[in-house]
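K.L.:
Respectively, the protein sequence lines represent chains B and R.
Going by our numbering, the residue at position 79 of the first sequence is 79; the numbering climbs one at a time, nothing skipped.
Going by our numbering, the residue at position 4 of the second sequence is 4; the numbering climbs one at a time, nothing skipped.
It should be emphasised that the hints constitute simulated quantities derived from the structure, not laboratory data.
We put the beta carbon where it would ideally sit given N, CA and C, even for glycine.
Treat the hints with care, as some may be off.
If you want the footprint, here are the derived chain B segments under chain R, 3+ residues with CB under 8 Å [unchecked claim]:
#: 1; stretch: 36-48
#: 2; stretch: 66-72
#: 3; stretch: 81-95
Label pairs and their in silico Cβ distance ranges [to be verified]:
#: 4; chain 1: R; residue 1: 115; chain 2: B; residue 2: 12; range: 31 to 39 Å
#: 5; chain 1: B; residue 1: 58; chain 2: R; residue 2: 8; range: 38 to 46 Å
#: 6; chain 1: R; residue 1: 108; chain 2: B; residue 2: 56; range: 29 to 37 Å
#: 7; chain 1: R; residue 1: 71; chain 2: B; residue 2: 58; range: 39 to 47 Å
#: 8; chain 1: B; residue 1: 40; chain 2: R; residue 2: 16; range: 27 to 35 Å
#: 9; chain 1: B; residue 1: 67; chain 2: R; residue 2: 52; range: 40 to 48 Å
#: 10; chain 1: R; residue 1: 98; chain 2: B; residue 2: 57; range: 45 to 53 Å
#: 11; chain 1: B; residue 1: 71; chain 2: R; residue 2: 51; range: 32 to 40 Å
Residues per chain are reported as follows:
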Amino acid sequence: GESVGLHLPTLSVQEGDNSIINCAYSNSASDYFIWYKQESGKGPQFIIDIRSNMDKRQGQRVTVLLNKTVKHLSLQIAATQPGDSAVYFCAEIPNRDDKIIFGKGTRLHILP
Amino acid sequence: GAGVSQSPRYKVAKRGQDVALRCDPISGHVSLFWYQQALGQGPEFLTYFQNEAQLDKSGLPSDRFFAERPEGSVSTLKIQRTQQEDSAVYLCASSPQTGDTGELFFGEGSRLTVL
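Please put together the full structure from these sequences, using the hints given.
P.N.:
Listed below in structure tokens is the structure:
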């Protein structure tokens with residue numbers, strides 16, 4: 001079954017505030033995690049990735065945090081904008097496996 | 001175009017019909033993936049090609065599903081004798097790398113509705 005899941009299906013955030021999207025995983029052997037963004041009617045789009053030898057990685061306005069002790073990762077989006085409205089998926093590549101396994105997703109809703 | 005192209009974008013089929021979904025990956029991309037996405041769910045892996053070789057088809061839900069990539073470029077996902085539970089968006093993705101890559105380039109998907 002799925003080992004990647006999300007705590008909340010919908011997250012509403014005021015425009016300009018920071019967003020934090022959480023994800024739990026169950027496979028302790030997984031060593032590579034990815035965040036994807038999917039806008040309505042489009043395919044998923046890669047945002048950022050992190051390997052298990054890191055606990056933090058930053059991109060443009062986004063930060064991914066990995067806590068291997070509790071098997072949790074999060075995506076932080078700074079100064080949330082209307083264009084950030086989408087469904088966000090955390091995903092993993094289990095060790096020695098080539099395919100990406102996606103979680104169920106969190107919808108991010110931006111309040112004006 | 002520069003991105004992954006999928007056709008048709010929308011397909012309505014009567015139960016029992018066969019359908020074929022096409023994917024044109026980004027030129028030169030070695031890896032090609034098919035995913036199935038039901039409404040409100042995350043994409044579910046179906047199958048993976050490296051060039052023309054189908055290296056993993058463990059996600060295909062039944063023998064009614066068949067995928068090919070004969071020349072290592074364009075791929076076709078065929079579903080025979082469609083059932084209502086096959087209704088979903090079928091996503092194709094490609095990557096220039098082989099193995100252990102988290103960055104896939106997805107097409108916009110083919111939405112299949114089986115009546």
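K.L.:
Failing hints, ascending?
P.N.:
2 and 10
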